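Chain B is fixed; fit chain G with the ligands onto it per the hints.
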Amino acid sequence: MKISMSVNGKPVSAEVETRTLLVTYIRDNLRLTGTHVGCDTGQCGACTIHMNGQAVKSCNILALQAEGADILTIEGLAKADGTLHPMQEAFREHHGLQCGFCTPGMVMSAVDLVNKHPNPSEETIRAELDGNLCRCTGYHNIVKAVKAASAKM
Amino acid sequence: MGDMNTIGVSVKRKEDYRFLTGAGNYTDDVTLPHQSYACFVRSPHAHAKIKGIKKDKALRAPGVLAIYTGEDWAAAKVGGLPCGWLITDVHGQPMKEPLHPCLAQGKANHVGDQIAVVIAETYNQARDAAELVEVDYAVLPAVVDVASALKQGAPQIHEAAPGNTCYVWALGDKGATDKAFASAAHVTKLEFINNRLVPNAIEPRAVNASYARHDESYTLYVANQNPHVERLLMTAFVLGLPEQKVRVIAPDVGGGFGSKIYLYAEDVVLTWASKRVNRPIKWTAERSESFVSDAHGRDHATTAELALDKDGKFLALRVHTKAAMGAYLSTFGSCVPTILYATLLAGQYTTPAIYAEVTAVFTNTVPVDAYRGAGRPEATYVVERLVETAAREMKIDPAEIRRRNFIKTFPYQTPVALQYDIGDYEATLAEAMKLADVAGFPARRAEAAKRGKKRGLGYSCYIEACGIAPSAVAGALGARAGLFEAGEIRVHPTGKVTVFTGSHSHGQGHETTFAQVVASRLGIPVDDVDVVHGDTGRVLFGMGTYGSRSLAVGGTAIVKALDKVVNKGKKIAAHLLEASDTDIEFKDGQFKVAGTDKAVPFGSVALTAYVPHNYPHDKLEPGLNEQAFYDPSNFTFPAGSHICEVEIDPDTGITRIVNFTAVDDFGNIVNPMIVEGQVHGGLTQGIGQALTEACVYDKESGQLLTGSYLDYCMPRADDVPSYKVGTKVTACTHNPLGVKGCGEAGAIGAPPALINAITDALGIREIEMPATPERVWRAANKKA
Ligand code: FES
Ligand code: FES
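Quick mapping for you: the protein sequence lines, in order, are chains B and G.
If you number the first sequence the way my numbering does, the last residue is 1051 and the count never jumps.
If you number the second sequence the way my numbering does, the last residue is 885 and the count never jumps.
Just so you know, these hints were derived from the structure itself, not from any lab.
Bear in mind that the values here come from a model prediction, so they are computed numbers and not experimental data.
We put the beta carbon where it would ideally sit given N, CA and C, even for glycine.
Check each hint, because a few of them may be wrong.
Think about it this way: if two alpha-carbon atoms lie no more than 25 Å apart in a straight line, the pair counts; the simulated BS3-like pairs of lysine-lysine are [as the list claims (entries may be wrong)]:
no. : chain 1 : residue 1 : chain 2 : residue 2
1   : G       : K693      : G       : K669
2   : B       : K1045     : G       : K113
3   : G       : K509      : G       : K496
4   : G       : K411      : G       : K275
5   : G       : K275      : B       : K1042
6   : B       : K1042     : G       : K825
7   : B       : K1014     : B       : K977
8   : G       : K115      : B       : K1050
9   : G       : K720      : G       : K672
10  : G       : K115      : B       : K1042
11  : B       : K1045     : G       : K825
12  : G       : K113      : B       : K1050
13  : B       : K1042     : G       : K113
14  : B       : K977      : G       : K115
15  : G       : K115      : B       : K1045
Covered stretches of chain G, as calculated for chain B (at least 3 residues, CB under 8 Å) [to be verified]:
no. : segment
16  : 117-123
17  : 301-314
18  : 386-399
19  : 795-808
From chain G, some residues computed to sit far from chain B (all C-beta separations above 10 Å) [as the list claims (entries may be wrong)]:
no. : residue
20  : G109
21  : Y238
22  : K252
23  : F282
24  : E406
25  : E679
26  : V694
27  : S823
28  : I868
29  : R879
Chain G with its partners taken away, still in its complex shape:
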């Protein structure tokens, strides 16, 4: 039975068969009896007063069942969308939280803002009728970038947020930082734009909401990463519905990357309207709608300085960031550029003094929220661009300057609130340098130069905080939700197992990884374990999947429930074996009396639990079904070294990534194949940010210029290389699996590695992301 242990084995995924044969069940695939369809009327203007809405013509169009506008919304006295994280500003005041209406209240604040919803028998009818809704706008001047929004006299977006400022927030010791700068031997200063990105999961957001009159309950199918949170926010904060009357199902979800964490207006409007029209209502975003309604990512403007002594030891880091919130606060928008950003500015280094100040700014754009990495890519970009630039300025090898500053003893308390439990940054870097053949780089560079090409090498040694987090700490920092996870192990009479988890898989392969964890512990085949997720009607509770938390937090909840199963199993086995339960040990699927060959297999214990003829009824209940909640005691801290080698054609400005190496420390690994896949995907999104992707708004009109795949350059198969990936393992010290999380690493580490490589190749200090051929060509051909 020993071969039932599959921890560390690349078990092929259980979910693949259905996806490969077209049997996946995504939200848009769900069609209910008497299905109706919704189409949203959206603002074509970035900023405009709504003087009036005429819907009579549209109401008379064929198939139309109902049309609702902001007026109906206000009349029904339902609330706005809540923000899940309260940030307290430098003066101790709460952040400004202007109303985030589900249907615009007299004013549109970004292109794509929802003005009205049309519900009809077919989607085409809803769409045709939406064209007939006449909205009378008075266009207002718009502001789309953070710097302009903060200027005197800038258009004001919300009365409740003077100066378009949501908050000014700070972290770290300003006095100590300023003092260290005053005595520094060298200061490196850079200004960055961390470019706005559109997450672009390939499955567009979709909702199918219905109401059942017989028990006054609602069912909401939605492409979402955390259905229980969605339900809680919607029932308690917006619609005031009884939580127990709402079932949220997030079936197969086609990628999320953060963008499907949030409670969106469409979800709420359809749920609300489903009772009014008494029909199930489906809405699926067209891609052009996704571009103007899915929460975007990044969009920071930062000035950052690093102070060093004469040997290249870091003395202090000072960072000023302006972060866009977009037109409204999205569910977790406020915590991304603060709690998930400034706390990571120590990176892998012993920098003793750090001070960060963040101004969160409203702009007439789609709201900004967490996108793969969320705050940590922005922090890593700041630190790793500064470090590499400082090394070049001080003529110290960039790997050497990192080694001189690495944290070497753990636990390590950073000056920005976090305490790292474990890591081995030197070993990780050394492994990456070996895999990337850094030693052979000078020869490759010389060879490329002979062909008229410019080669460059760039490093990035990132850290991230994952597995968020202790609820008590998060609560003290302003979180309005808990951050634990829940799991349930249901052992069936036949010894087969169903696992219910509050984590949600939208590509991560939990149905396999979690099954491996359970099967290995119980000594049963992986195929005997099914994992259920994404349904508030079946799963006890859950906080969902984001921040690379599923295995570290959700997996641990499962392990805790497993422990309870095994403990109860021991008692049943003790009874069957006529031994004391303290003498029973469980190994390889057998309950054994220690030191004897008396044993009973797991399957028999399961059967006995449900057919309790011979059973210790005086001590135990029948059945074998256990639940657990787990609230972590700390974040986990995955870290790694990424090395990028590029070759640039100075005649065309085209950058070719000739080698990308990533060595990551994710702690223990359950399924290496799945982990590698996560790294590949993350790297490609990071490369996308650095090389191809930019979300661009027109400064005058506030129109989104990159509103389709024609204009927004998603990385394609021929834009990226095959990767070299490796791992180093230091097991996480505070969860029983020793795991840290791997979902975001690639997106965090890749951008600075790539930009460091390009600036190295061209011998320049800075280049803006994305480093498009035009930008690279201009940099390569600039007259000195």
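With the rest of the complex left out, here is chain B:
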């Protein structure tokens, strides 16, 4: 089937098998490999992207379902000149990442979290991030980073 959407501000279209997941389309067809796959049950959040301004797990959506959508992946978050988004900057500043594998999904979730809850408490941050697994950081510095970014976004 043919699909068309906008990814990181650019129109894209392709012929895909109907069973193609959105994450597979993003990674394999578009070669945007910043979006990761960490599980097969929709539990880890490594695949989180924004679809029409909302954080979604791209492993839980067929590429077909994103027809006409506006998709933002981690590759599209920083400014074109390479300046990091305040959330990315805060993760760097507060060591909110180690191996980096959960990071793209974590950052995309965190941006959505702050969009929905400006100035969130630690409790809100922890509750809202519970769809994203990180095995490295113990979340401590991720929470710190999100809090710091919320003041700048």
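The following block gives chain G with the ligands in isolation, referenced to the frame of chain B:
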């Protein structure tokens, strides 16, 4: 130039920009020209005879390039997967090493065992075809826990290992220990299950193997913690390939925690098959595959006793452990419950007599190997649960009983083989108690009680042996590999530096920490130093990263290479400055004639080395590129005190960690931010073990009941608190950086601290890990 010294500074990580912008390059991100894909057919049974495999239907499926089974493997006369550590049993006999086939040889021994591999044009085609491979199984009775596996009449997994026993091994003086018990004023005895865990790095294992006909070489991208070891084991022990024809690249790796140390069947099968199909082949584990194919951790059943005199002085410790190996011996499975476990049973204490006996047992489960801490968490759990319980039984304050028994003079020879070089356990504990406000605990407990909640406080004073180790000692203990590290400093003509290290970073931030070490020594900016790791084609050699060894061993190799760079630089500078090289000193990036203001900067010396117009050619070669190997003279011994405070709701059984304090002595610290991050991560895995994580097999069928993130409870952001961490420093005495290692401390210290807190809150003696709400609720509501 003095500000180029960044040792002890929280320099922001050099690797972060690529990870934060989606530019990381993990194995699954690598797609090669003419890429093909593999899917493994895995056993759905825990124990079954394979009566036949029909692959014709699958072979006709669209896109299929090849299908290989155990028969093809046997016909090619390639070996099984080796175990890297030989344990000699109590009778002086070698451990039993049954064949660990890459593709099953007539029998499946655990759910997930590899039966066949299907290679196709796309992953979906490989997967679809794998469904069409017909395997005819005759199901056999299975055994999944160590106690049942050792029973008379239990199903036998390997002919080569009667009674499912791999070895019975012992350490320590049995006679002295038994004698001390006979005269003890008090004995505390506990039985533990150290729960089986699944490491669960968020990046699943992945492999991309290819073969180049023009020079008959192989390239293997693999999510791995030690690419040179992977190559050595695969070429020399399994495939018999020329080592120099195989390049192993472990690019960005998304966490390891031990599980990516090992040589896995998938790595070998794809490498082997890549020549046969003459295409690059990629395989990435689905998470449900990771659960049944990544080596698991822990899984001990232990009976342990502590003998004390009337004042609470420890007299002796006696430990009997049954340790699961799983269905096969994984690469280092045999050394985890022995060399990395029993040797740590002295803990931080002067216990004069210790005896440990370990029975290693085959079960119809995924192989067990090192997982963050590896043996040391199990040892610490034994010691710290016993100590806390003994204190309560003898009505001695748990901090006080520890103080009475702490080792206070160093070096200290333990009765279980290790010699601790340095530490200050009293100071570490005191600092932790201050940070945790132990003094205010009784008031907090009383306040919680008013709200109907139960508060408890638990300690854990752990020790670990890191930076493994002297190769000679390891070799005498059965290691089949060396345990040194290699490093290379390449100074470029412009004075910029590339560091090649045999250590591997999969989250630890070596690209920053190692650059800090090098930049500080050379007096140049951190940004002028790049660190290369994880590629046998670029790095001279390496033993890789595990056991918190990177900075202590890999960092020291780099320092040794740096010394050579500086020494050669002095000779070049001496020539330029027309002085004697013994008069040259190197400081803050300047080669100086001592006592004068005649100096030449590092950059000029580098340029001269490569543009040697004015150069002492009679004495020196051009160039500035030095290598070093470093084999440590001892382990390092990080130690710390962790204090956990919990509040339990007896109505729901929910345990809230209200305060977790960790004060650790890691020796000198290069980057405090990175070290703290390591502690946070380790603590969370330790809390996971104690509170949420359990790998459960069905006793009858041998099915893995916790085979996804729906059933295996990984700690999430709202399960854990923010931590209070601090450090105490006694510098390691036997490496030039004075560092000890910090990667595993949290996972080692946390479980007993947490369980000690829960048992304190509920006034009970024991609770099994993980202390789930159900278990806690049952304990809280048990009728007396
Ligand atoms: S990959 Fe999408 S939730 Fe895990
Ligand atoms: S940084 Fe490794 S999983 Fe989060």
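| message | Check whether the Cα positions of K115 of chain G and K1050 of chain B lie no farther apart than 25 Å. | response | Holds - the C-alpha atoms of K1050 of chain B and K115 of chain G are around 23 Å apart, at most 25 Å.
| query | Given the hint that K693 of chain G pairs with K669 of chain G, does the C-alpha gap stay at or below 25 Å? | reply | holds (14 Å)
| Given as non-interface: K252 of chain G, which should sit over 10 Å from chain B by C-beta | Holds, because the least Cβ-Cβ distance between K252 of chain G and chain B comes to about 36 Å, which exceeds 10 Å.
| Is the hinted pair K977 of chain B and K115 of chain G satisfied, with a Cα-Cα distance of at most 25 Å? | Given that 25 Å is the threshold and the Cα spacing comes to 19 Å, the pair holds.
| Mind checking, does the segment 301-314 of chain G have 3 or more residues with a CB under 8 Å from chain B? | holds (count 5)
| Hinted pair K275 of chain G and K1042 of chain B, Cα distance within 25 Å | Roughly 51 Å between the alpha carbons, so the hint for K275 of chain G and K1042 of chain B is violated.
| Would I868 of chain G pass as off the interface with chain B, using Cβ distances and a cut of 10 Å? | holds (23 Å)
| query | Taking a Cβ-Cβ distance under 8 Å as contact, does the segment 386-399 of chain G have three or more residues in contact with chain B? | reply | holds (count 3)
| 10 Å Cβ clearance of Y238 of chain G from chain B | Fine: 24 Å to the nearest Cβ keeps Y238 of chain G off the interface.
| said: Tell me if the straight-line CA distance from K509 of chain G to K496 of chain G falls inside 25 Å. | reply: Within the cut-off at roughly 24 Å; holds.
| Beyond 10 Å from each Cβ of chain B, as asserted for S823 of chain G | For S823 of chain G, whose nearest Cβ neighbour in chain B is about 5 Å away, the distance does not exceed 10 Å, so it is violated.
| said: Check the hint pairing K115 of chain G with K1042 of chain B against an upper bound of 25 Å on the C-alpha distance. | reply: Holds: K115 of chain G and K1042 of chain B sit about 20 Å apart, inside 25 Å.
Going down the numbered hints, you'll see the structure goes against 5, 19, 27, while the others check out.
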